[in-house]
Amino acid sequence: MNIDALSASIVDGLMIGFIYGLAAMGLTLIFGVMRVVNLAHGPVIAVGMFAVLLLAQNLGLNPYLGLVIVMLLGLATGIGMYFIAVHRVIDAPELTTLLATFSVNLMIIGIGTVLFSTSPRALDVSLGSVRTGAVTILGTKLVADLIAVIATVGLYYFLYRTRAGKSVRAVANNRAAAELMGINSTWILALSFGIGIALAMGSGSLLATLFSFTILSGTVYEVKSFVIVVLGGLGNPVGALLGGIVIGLLEGLATISPLPVGWVPVIEFGVFVIILLVRPTGLFGAR
Amino acid sequence: MRLLPSRLLLLGISLATLFGAIACAQPSAQPAPTPTVAPKVATSKADTPAARTPAASAPTARKIVIGFTASNTGAQNLPSKKQTEGLQLWLDTVTKAGGIKLKDGTALMPEMKSYDDESKTDRVQALYTKLINEDKVDFLISPYSSGLARAAAVVSEQNGKIMITTGAADDSTMEQGFKNIYQLYAPGSRYLVGAIDLLKDLDPSARKIALIYEKEPFSTSVVQAAQPYARSKGYDVVLFEGYDPGTTDFAPFINKINATAPDAIMGGGHFPDGTTLAKQLYEKKVSVRLVALLVAPPEPTFSEIGDAAEYIVGPSQWEPGVTYSPDAAKAANLPWYGISVKDFVSGYQARFNSTPSYHSAGGYAAGLILQKAIEDSDSTEPAKVKATLDRLNLMTFYGNVQFSIEAKTHGKQVAHDMVYIQWQKDSANKLGTKIVWPPAAKSAGAQLRK
Numbered sequence: 001m002n003i004d005a006l007s008a009s010i011v012d013g014l015m016i017g018f019i020y021g022l023a024a025m026g027l028t029l030i031f032g033v034m035r036v037v038n039l040a041h042g043p044v045i046a047v048g049m050f051a052v053l054l055l056a057q058n059l060g061l062n063p064y065l066g067l068v069i070v071m072l073l074g075l076a077t078g079i080g081m082y083f084i085a086v087h088r089v090i091d092a093p094e095l096t097t098l099l100a101t102f103s104v105n106l107m108i109i110g111i112g113t114v115l116f117s118t119s120p121r122a123l124d125v126s127l128g129s130v131r132t133g134a135v136t137i138l139g140t141k142l143v144a145d146l147i148a149v150i151a152t153v154g155l156y157y158f159l160y161r162t163r164a165g166k167s168v169r170a171v172a173n174n175r176a177a178a179e180l181m182g183i184n185s186t187w188i189l190a191l192s193f194g195i196g197i198a199l200a201m202g203s204g205s206l207l208a209t210l211f212s213f214t215i216l217s218g219t220v221y222e223v224k225s226f227v228i229v230v231l232g233g234l235g236n237p238v239g240a241l242l243g244g245i246v247i248g249l250l251e252g253l254a255t256i257s258p259l260p261v262g263w264v265p266v267i268e269f270g271v272f273v274i275i276l277l278v279r280p281t282g283l284f285g286a287r
Numbered sequence: 001m002r003l004l005p006s007r008l009l010l011l012g013i014s015l016a017t018l019f020g021a022i023a024c025a026q027p028s029a030q031p032a033p034t035p036t037v038a039p040k041v042a043t044s045k046a047d048t049p050a051a052r053t054p055a056a057s058a059p060t061a062r063k064i065v066i067g068f069t070a071s072n073t074g075a076q077n078l079p080s081k082k083q084t085e086g087l088q089l090w091l092d093t094v095t096k097a098g099g100i101k102l103k104d105g106t107a108l109m110p111e112m113k114s115y116d117d118e119s120k121t122d123r124v125q126a127l128y129t130k131l132i133n134e135d136k137v138d139f140l141i142s143p144y145s146s147g148l149a150r151a152a153a154v155v156s157e158q159n160g161k162i163m164i165t166t167g168a169a170d171d172s173t174m175e176q177g178f179k180n181i182y183q184l185y186a187p188g189s190r191y192l193v194g195a196i197d198l199l200k201d202l203d204p205s206a207r208k209i210a211l212i213y214e215k216e217p218f219s220t221s222v223v224q225a226a227q228p229y230a231r232s233k234g235y236d237v238v239l240f241e242g243y244d245p246g247t248t249d250f251a252p253f254i255n256k257i258n259a260t261a262p263d264a265i266m267g268g269g270h271f272p273d274g275t276t277l278a279k280q281l282y283e284k285k286v287s288v289r290l291v292a293l294l295v296a297p298p299e300p301t302f303s304e305i306g307d308a309a310e311y312i313v314g315p316s317q318w319e320p321g322v323t324y325s326p327d328a329a330k331a332a333n334l335p336w337y338g339i340s341v342k343d344f345v346s347g348y349q350a351r352f353n354s355t356p357s358y359h360s361a362g363g364y365a366a367g368l369i370l371q372k373a374i375e376d377s378d379s380t381e382p383a384k385v386k387a388t389l390d391r392l393n394l395m396t397f398y399g400n401v402q403f404s405i406e407a408k409t410h411g412k413q414v415a416h417d418m419v420y421i422q423w424q425k426d427s428a429n430k431l432g433t434k435i436v437w438p439p440a441a442k443s444a445g446a447q448l449r450k
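Going down the list, the sequences are from chains A and B. Counting in the numbering used here, the first sequence runs from 1 upward without gaps. Counting in the numbering used here, the second sequence runs from 1 upward without gaps.
Read the hints as simulated data drawn from the structure, not as lab findings. Be a bit skeptical, because a hint or two may be false.
Sample of chain B residues at the chain A side, in silico, Cβ under 10 angstroms [unchecked claim]:
hint : residue
1    : N258
2    : F271
3    : K284
4    : S346
5    : G347
Here are a few chain B residues that face chain A, going by a calculated C-beta distance under 8 angstroms [what the hints assert, rightly or not]:
hint : residue
6    : T73
7    : A75
8    : P245
9    : T248
10   : D249
11   : P252
12   : F253
13   : N255
14   : K256
15   : D263
16   : P272
17   : K285
18   : G321
19   : Y324
20   : S325
21   : D327
On a predicted model such as this, the values are computed, not experimentally measured, just so you know. All C-beta atoms, glycine included, are put in the ideal place defined by N, C-alpha and C.
Could you build all of it, start to finish, from the sequences and the hints given here?
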């Protein structure tokens, strides 16, 4: 293995890993707080892609400014989605919530296909690049990584330093006890779901600044997010970021290995199964 | 019943993966029939002798229906749109001229019947069955792309319906011994041959080629043929590897290419991935001397990637600058048929306000070849039209056309030649395409990447 290719792959893997991590953060938050596997996660990421595209095309908004609006829209959408699809089945067996979010998934894909078709779209964003030896760092990826780190720090601060965040953690730990302490668990669950959707849509917006996309593109990131969530520890936002970095690195290194590129997903899912068997709480989760 | 979190996650990922597979493959709700523009005329399904008896010999107009699917949505959307536009222009031209004339004075007025295949194979199969069995079309044109055309060809052959394939260059489809399928494009096995010759001519010191391809029938057949050809010319094929259709992040793949330090990169797939790959090769400042990609470069919209398009070479079935003409046909001892290159280009620009690509020319030529076959057969009877297509050997604005009559490769294109374009900047720093290969057709010299 050539050292130039190795260093370039490590840097590329790291850079895409941060964005994978952000994409998985919403999924892990929702799962951690309410034990709901959000199967609408992928389509929501795609909605974030299209939202930032529409804001840029119709209102001429800078995609990074559009990202803030998309995340606010995501928060509102997520709260709405919680009350419409999840709230009434939150105490039902897990399979029911799984099917409820799967229904939302189908609806988003159906409506999105009608509105946007499945033709590839792209946002034209260029922030230049920096080259050092064999390593080229794109400005767009660097900015996306910075935003991913800021979002992680922000989420961490929210959960550990604010009253609402502490309420989220309390509900996640023991909903009945939290309610006895006067916490309105319904609103806290809705808020958590909203934040999870906002993070997913935000990651979609960032991915749209890097790659072309269709309404079906979110599925790829949804599947990666599941692997990352398991790797990083269920319900652990920082673990999700670290898990994303691990998967990004794994992809980068596996691609330059002598193995054909088609083996990369096999390796990823192999890791997923091993982690589930050996350490189900994830590499960065509590034992 | 309570599930353990890990089991729930496993169930979740299984459903997500399953859904992903379904989403990529499922046919959508309703096909959208495309209205045709031909004038309303009397309908006749078959050109039976009874229909042409003296009693009915007064000049009449009859309609013939040509069916096809177009990828109005999905990955093949752009080239498919161009192909359909070319076909539409042919239809306009024939309609304006009063239809396809038979010797008894009957004017056949072509109409089109089309549906959106969403760039999906299973949808193509269902829709071509519908076109044949429910819409009762007379002739078929293929959808765009080899994968979709292959699916349509199987249905068409099973139903004994003549189909002209355009936008489909895959060799293997035309090596099944089909009897009713006729390929207009030069086969995929010839796509990169000229690019390798060009590299040899341009930079004799080049030794290493990386062949990369989208894992689908057309691109695979192109590189499978290019690999032995490159070796026969003394090149070392340092990388021969495919990427999944729908790939958008080529960064790891580019690192793998860089590790082999090739002099040239050749391959690709279709428009979306080709465009993305060219852009990311530029962004990552990959230093190779020649990049030749399939399908995307000849499309005028390829220039939307800006400076990343410069120096990219692409094989093309046709370009507005080609020199096919009645004189060229005479020199080649071939009959000439149809519109001139100049009239096609100006007609297309006037009708669609854009420059025609080779996909557009292929669409027009599909209609034109069918028209010629019907005229020469003086009939729409499938057996007569098929016999005429088997004999056809002519030159049009699109170039030479002749089909194989060997049993195994029946219908495969044997006469059409490729040209190679390169995106270059002019003195005003504006990007444009030049024909750079073969030497007899070139409008400018090829340039190595800097």
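Status of each hint after checking the structure:
At its closest, the beta carbon of N258 of chain B sits 6 angstroms from a beta carbon of chain A; the interface hint therefore holds under the 10 angstroms criterion. Using the Cβ-Cβ criterion of 10 angstroms, the hint placing F271 of chain B at the interface with chain A is satisfied: the shortest such distance is roughly 9 angstroms. With a cut of 10 angstroms, the hint placing K284 of chain B at the interface with chain A holds, because the nearest CB-to-CB distance is about 5 angstroms. Interface hint at S346 of chain B: violated, since its Cβ lies 29 angstroms from the closest Cβ of chain A, which is beyond the 10 angstroms cut-off.
Checking G347 of chain B against chain A by beta carbon gives a least distance of about 27 angstroms; that is not within 10 angstroms, so the hint is violated. Taking 8 angstroms as the C-beta cut-off, the interface hint given for T73 of chain B holds, the closest approach to chain A being about 4 angstroms. The restraint placing A75 of chain B at the interface with chain A holds, with a minimum CB-CB distance near 6 angstroms, inside the 8 angstroms limit. Among the interface hints, the one on P245 of chain B is violated; its C-beta lies about 12 angstroms from the nearest C-beta in chain A, farther than the 8 angstroms criterion.
Taken as an interface hint, T248 of chain B checks out: its beta carbon lies about 4 angstroms from the nearest beta carbon of chain A, inside 8 angstroms. The criterion of a C-beta within 8 angstroms of any C-beta in chain A is met by D249 of chain B, whose closest approach is roughly 6 angstroms, and the hint holds. Residue-level restraint check for P252 of chain B holds (minimum Cβ-Cβ distance to chain A is 3 angstroms; threshold 8 angstroms). Given hint, F253 of chain B at the interface with chain A, holds; its Cβ is 6 angstroms from that chain's nearest Cβ, closer than 8 angstroms.
With 8 angstroms as the threshold, the beta carbon of N255 of chain B comes within range of chain A, its nearest partner Cβ sitting at about 5 angstroms, so the hint holds. Look at K256 of chain B: its Cβ gets to within about 5 angstroms of chain A, closer than 8 angstroms, so that hint holds up. The closest approach between the C-beta of D263 of chain B and any C-beta of chain A is roughly 16 angstroms, which is over the 8 angstroms cut-off, so the hint fails. Nearest Cβ of chain A to the Cβ of P272 of chain B: about 5 angstroms, under the 8 angstroms cut. The hint holds.
Of the supplied interface hints, the one on K285 of chain B holds, with its beta-carbon coming within about 6 angstroms of a beta-carbon of chain A, less than 8 angstroms. With a least beta-carbon distance of about 29 angstroms to chain A, the hint placing G321 of chain B at the interface is violated under the 8 angstroms criterion. This hint is violated: Y324 of chain B has a C-beta 32 angstroms from the nearest C-beta of chain A, more than the 8 angstroms allowed. For S325 of chain B, the shortest C-beta to C-beta distance to chain A is roughly 37 angstroms, which exceeds 8 angstroms, and the interface hint is violated.
A least Cβ separation of about 42 angstroms between D327 of chain B and chain A goes past the 8 angstroms threshold, and the interface hint is therefore violated.
Checked against the numbered hints listed earlier, the structure breaks hints 4, 5, 8, 15, 18, 19, 20, 21; every other hint is satisfied.
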